[in-house]
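Peer 1: Same order as they appear, the protein sequences are chains A and B. When we follow numbering that gives the first Met the number 0, the leftmost residue of the first sequence carries the number 0, and every step to the right adds one. When we follow numbering that gives the first Met the number 0, the leftmost residue of the second sequence carries the number 0, and every step to the right adds one.
Note that identical chains are pooled: a pair holds if it fits in a single copy or bridges any two copies.
Subject to a maximum C-alpha distance of 27 Å in a straight line, what follows is the list of computed DSSO-like cross-link-like pairs (lysine-lysine):
1. LYS479 with LYS499
2. LYS71 with LYS506
3. LYS178 with LYS231
4. LYS178 with LYS151
5. LYS499 with LYS4
6. LYS233 with LYS206
7. LYS350 with LYS388
8. LYS56 with LYS378
9. LYS479 with LYS71
10. LYS151 with LYS121
11. LYS178 with LYS121
12. LYS499 with LYS71
Calculated from the structure, these hints are not laboratory results. Since the model is a prediction, treat every value here as computed from it, not as a measurement.
Number of protein chains: 2
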Amino acid sequence: MSESKRVLIVGGVAGGASCAARLRRLDESAEIVLFDRGPFVSFANCGLPYYVGKVIKEESDLLVASPEMFEKNFNIAVRTHSDVVSIDREKQEIEVKEVQSGNTYRERYDVLVLAPGASPVKPPIPGIDSLGIHILRTIPDSNRIREWIEEKTPERAVVVGGGFIGLEMTENLANLGLKVTLIEMLPQLLPPLDPEMAEPLTRHIEKKGVAVELDDAVTAFEETDDGSLVVKTKSGRSHPADQVILAIGVKPETALAKAAGLELGEAGGIRVDNSMRTSDPNIFAVGDVIEVRDGVTGVWCHAPLAGPANRQGRIAAASIAGRDMTFRGVQGTTICGCLGVTAAATGANEKRLRQAGVTDYEKVYLHPGSHAGYYPGAKRIHIKLLFSKTDGKVLGAQAVGETGVDKRIDAFAIAIQGGATVFDLEEAELCYAPQYGAAKDPVNLAGMIAANVLRGDLPLADWSQIEETDALLLDVRDPKEYHSDHIDGAINIPMFELRKRFEELPKDREIWVNCAIGQRSYYAARFLLQNGFRVRELSGGIITYWGHYPI
Amino acid sequence: MSESKRVLIVGGVAGGASCAARLRRLDESAEIVLFDRGPFVSFANCGLPYYVGKVIKEESDLLVASPEMFEKNFNIAVRTHSDVVSIDREKQEIEVKEVQSGNTYRERYDVLVLAPGASPVKPPIPGIDSLGIHILRTIPDSNRIREWIEEKTPERAVVVGGGFIGLEMTENLANLGLKVTLIEMLPQLLPPLDPEMAEPLTRHIEKKGVAVELDDAVTAFEETDDGSLVVKTKSGRSHPADQVILAIGVKPETALAKAAGLELGEAGGIRVDNSMRTSDPNIFAVGDVIEVRDGVTGVWCHAPLAGPANRQGRIAAASIAGRDMTFRGVQGTTICGCLGVTAAATGANEKRLRQAGVTDYEKVYLHPGSHAGYYPGAKRIHIKLLFSKTDGKVLGAQAVGETGVDKRIDAFAIAIQGGATVFDLEEAELCYAPQYGAAKDPVNLAGMIAANVLRGDLPLADWSQIEETDALLLDVRDPKEYHSDHIDGAINIPMFELRKRFEELPKDREIWVNCAIGQRSYYAARFLLQNGFRVRELSGGIITYWGHYPI
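Use the sequences and the hints to build the structure in full.
Peer 2: Pasting the structure below:
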């Protein structure tokens with residue numbers, strides 16, 4: 000056991016609270032004090048949208064642990080309503096302001112842990128401070144939103160920002176009966192997904208009655224005479240609203256660290272080493288305030304996620320207790336549910352690979368059922384798998400669907416963590432009974448298709464290049480499917496006639512073959528390739544091409 | 000492309016059908032003929048219990064592919080009602096008997112693939128051929144059961160055998176309104192689980208009204224005057240029944256291979272190499288007829304599972320097409336649902352480790368929620384994780400619960416496949432939003448607890464040794480919990496009082512500490528260990544000890 004240390008922790012939610020509890024378990028002798036400027040510690044901030052939506056009924060349901068519990072079970076002193084306003088690194092002291100009294104005092108530390116989190120972005124848009132415009136970060140914030148809804152009974156809400164919080168707030172407000180308009184500056188929802196994978200999510204929530212406005216930025220909030228708001232956007236549109244939720248994003252709350260001269264990084268967060276130590280050896284930082292290395296590309300990024308924050312807290316505690324434990328970076332596993340659809344991702348997406356200058360990758364799309372098709376209730380899952388062309392290593396996966404999405408992304412997440420290849424996915428042995436999966440689970444299928452590509456059995460065409468190609472487009476779906484809709488210029492030879500009619504096709508021209516999802520076109524491609532045709536297959540079929548995701 | 004080969008495949012379900020279709024995709028020139036003695040190929044045999052239960056409504060729903068589809072899409076000839084009765088290895092010919100006409104003929108092969116599957120065990124118990132006693136292997140079998148139920152409107156069913164089929168039939172018969180008695184010879188249900196993990200499954204289905212009779216063997220079936228049956232058991236009990244399902248197990252259908260002199264193995268299946276080749280280089284075998292190496296222990300075993308059968312079919316096809324692809328053995332991932340509870344496992348269980356002579360393992364138990372506790376609807380998942388003491392490698396996992404079981408076992412399955420350690424599980428980055436998981440997912444928690452053990456932070460006591468130990472039993476639950484029930488002889492100091500009262504405890508005697516699930520006892524153990532006490536923690540708490548799984 001090391002000599003008794005005085006450890007002060009700034010911020011008592013995911014990272015800070017984990018660090019405090021873990022440190023106590025590793026070092027009974029340390030003196031540990033946890034400061035938070037708010038009234039609570041260790042509350043479930045990921046539950047706030049659902050508390051607003053009354054799925055989580057009581058404020059007390061959000062409290063994972065109380066100050067008393069920290070005191071009794073862990074001998075950890077908790078000081079709420081206590082804002083840490085400055086750090087004197089030389090004297091190893093912090094200055095604490097008691098929020099309620101305004102008094103300040105100083106506390107000496109041997110080790111300081113910074114876990115203040117990230118704060119919602121609030122850009123200087125005209126009218127942004129109008130009544131009825133809310134952000135969501137804390138329990139008091141969510142109580143304010145609940146009160147607004149109860150008192151003003153708003154009918155129309157505008158949610159600004161189509162990330163996690165925006166989508167979760169959309170769900171909860173819609174379920175409370177509000178008509179929601181969701182405005183997003185980017186041309187897609189949910190940035191962890193690539194744009195074509197965000198498409199089914201968008202279509203799904205539109206079907207559920209949400210008005211989604213992409214590629215449009217808010218330019219002003221105007222108050223009207225009846226006390227409601229009008230949200231003006233760059234495209235010139237006006238969206239009336241009785242309530243606005245700002246969910247534009249968060250930025251690391253680095254003011255304290257910056258003023259103390261701690262090193263910040265290129266992604267705007269506190270820079271820490273693998274043991275969560277800042278540029279000052281007596282100061283650690285964890286959670287949403289730091290920047291981390293992307294586990295796949297190695298690029299520094301800001302990844303405000305609860306899971307990594309918890310692990311960072313544990314690792315900082317281990318380091319403080321003199322143990323060796325290393326943070327491995329953030330893989331970026333994320334999930335979001337909205338009105339019955341789930342979207343999730345792990346590892347790198349294609350945008351991030353491109354930004355990092357990675358070109359040696361390939362991608363496949365598939366749309367398997369969530370479980371065996373012969374058992375009722377299966378729903379399509381739309382999957383995109385990214386993998387290395389050189390060695391088949393899995394780089395990233397995205398999935399969208401009504402059910403079974405989290406399970407597949409978790410499987411991909413463990414595969415990526417372990418450096419698995421698509422050949423491993425092909426052979427993975429997963430749970431199969433018809434109500435749970437399939438003999439060839441979606442995870443297997445993704446691996447099988449990717450392995451076919453890497454083995455040279457299935458050359459791929461990219462849906463984004465169909466407009467430019469000189470190739471002959473061959474649709475091998477049944478005539479009824481073809482006639483209901485098909486890619487412009489595509490000819491139709493159904494798979495079941497191909498063996499009789501293949502001589503109609505040219506040998507001197509590349510053929511791009513598609514079906515609905517990529518199964519029949521794979522059979523067709525294999526047949527034609529072995530008969531001397533030059534063939535590429537449209538991965539994910541017409542469903543991926545058109546974004547006509549029938550979920 | 001190799002020269003045109005004549006490939007005959009015996010058996011047209013999972014392994015045989017997969018092999019045929021894959022071979023066509025790899026070798027357009029091969030002549031492929033698929034034989035099956037039944038009326039169908041490529042049917043969903045894992046769906047049969049649900050077809051009996053009318054969850055799957057139509058016979059046609061079970062048909063994954065038709066002979067016509069094989070013909071048209073793959074140029075594969077299918078001969079149903081065709082029983083392959085012998086192999087002439089010297090002449091490379093098989094003898095085929097047309098089931099309907101009784102005629103026989105011979106067919107020459109370059110390559111033969113055996114995929115006849117496994118047949119239900121039907122021991123010579125007196126009365127076993129009585130009317131009303133059914134087995135379930137084929138679509139005609141399930142039609143017979145459906146007809147019996149429709150015509151006889153049975154009220155009482157006895158299911159003999161508590162494995163997958165037995166449990167799935169129990170669910171389906173119970174859901175049709177029958178009162179089911181489930182009789183199992185072993186002292187536990189579902190042998191892929193260790194006995195203490197089968198306990199919550201048993202309790203759950205008992206609560207749902209199933210009479211479970213363990214550790215009892217059927218000795219006779221007697222017909223009564225009213226046309227019903229009485230099932231007599233070794234223990235002397237009599238169970239009246241209007242219908243009996245025999246689901247005692249299956250054995251590889253090796254008669255054909257044996258008569259042809261192919262090598263069989265110690266587990267009773269056809270012995271094949273990693274490319275699925277039998278002792279005759281021109282004959283391959285796949286699916287339930289072969290024996291395989293246990294991927295964790297390396298022991299030969301019979302593992303009749305659809306997923307591996309499909310992969311074996313693919314690998315045999317690759318080998319036949321002259322490609323190099325290797326079967327990696329069977330990891331034993333299995334899942335079974337019964338009346339609202341799911342039980343699943345992957346990798347080795349403790350029984351198998353012991354049988355294989357492995358002693359260098361450790362185990363932990365935990366009972367986390369299926370998702371964050373603050374979001375409504377979370378259900379406990381009972382988990383057992385087995386791992387190597389030496390290097391922390393994950394060896395096996397079992398889980399039982401109402402929801403989220405398949406997802407966690409899939410994550411463990413991928414981890415085992417990749418050689419992950421418990422330290423990897425600890426750091427795994429999985430999907431977290433409150434309706435899907437937790438910031439510390441059950442998979443992380445299993446890894447964290449196991450890592451605590453391996454790091455020496457948490458010495459464990461085994462629930463099975465409580466009766467013998469001289470240790471002081473310390474229960475750190477709250478007094479109300481302690482007084483409602485506790486382990487005989489345990490004293491109570493609640494965790495929240497331990498820091499004040501720990502001096503009541505002896506330093507010269509080992510202390511075994513427990514709580515409900517293992518969380519508070521972990522805190523207590525860490526505190527006491529650091530204060531110089533000799534402590535072990537009862538992994539999984541009183542819930543694991545008593546098998547009082549409140550699911």
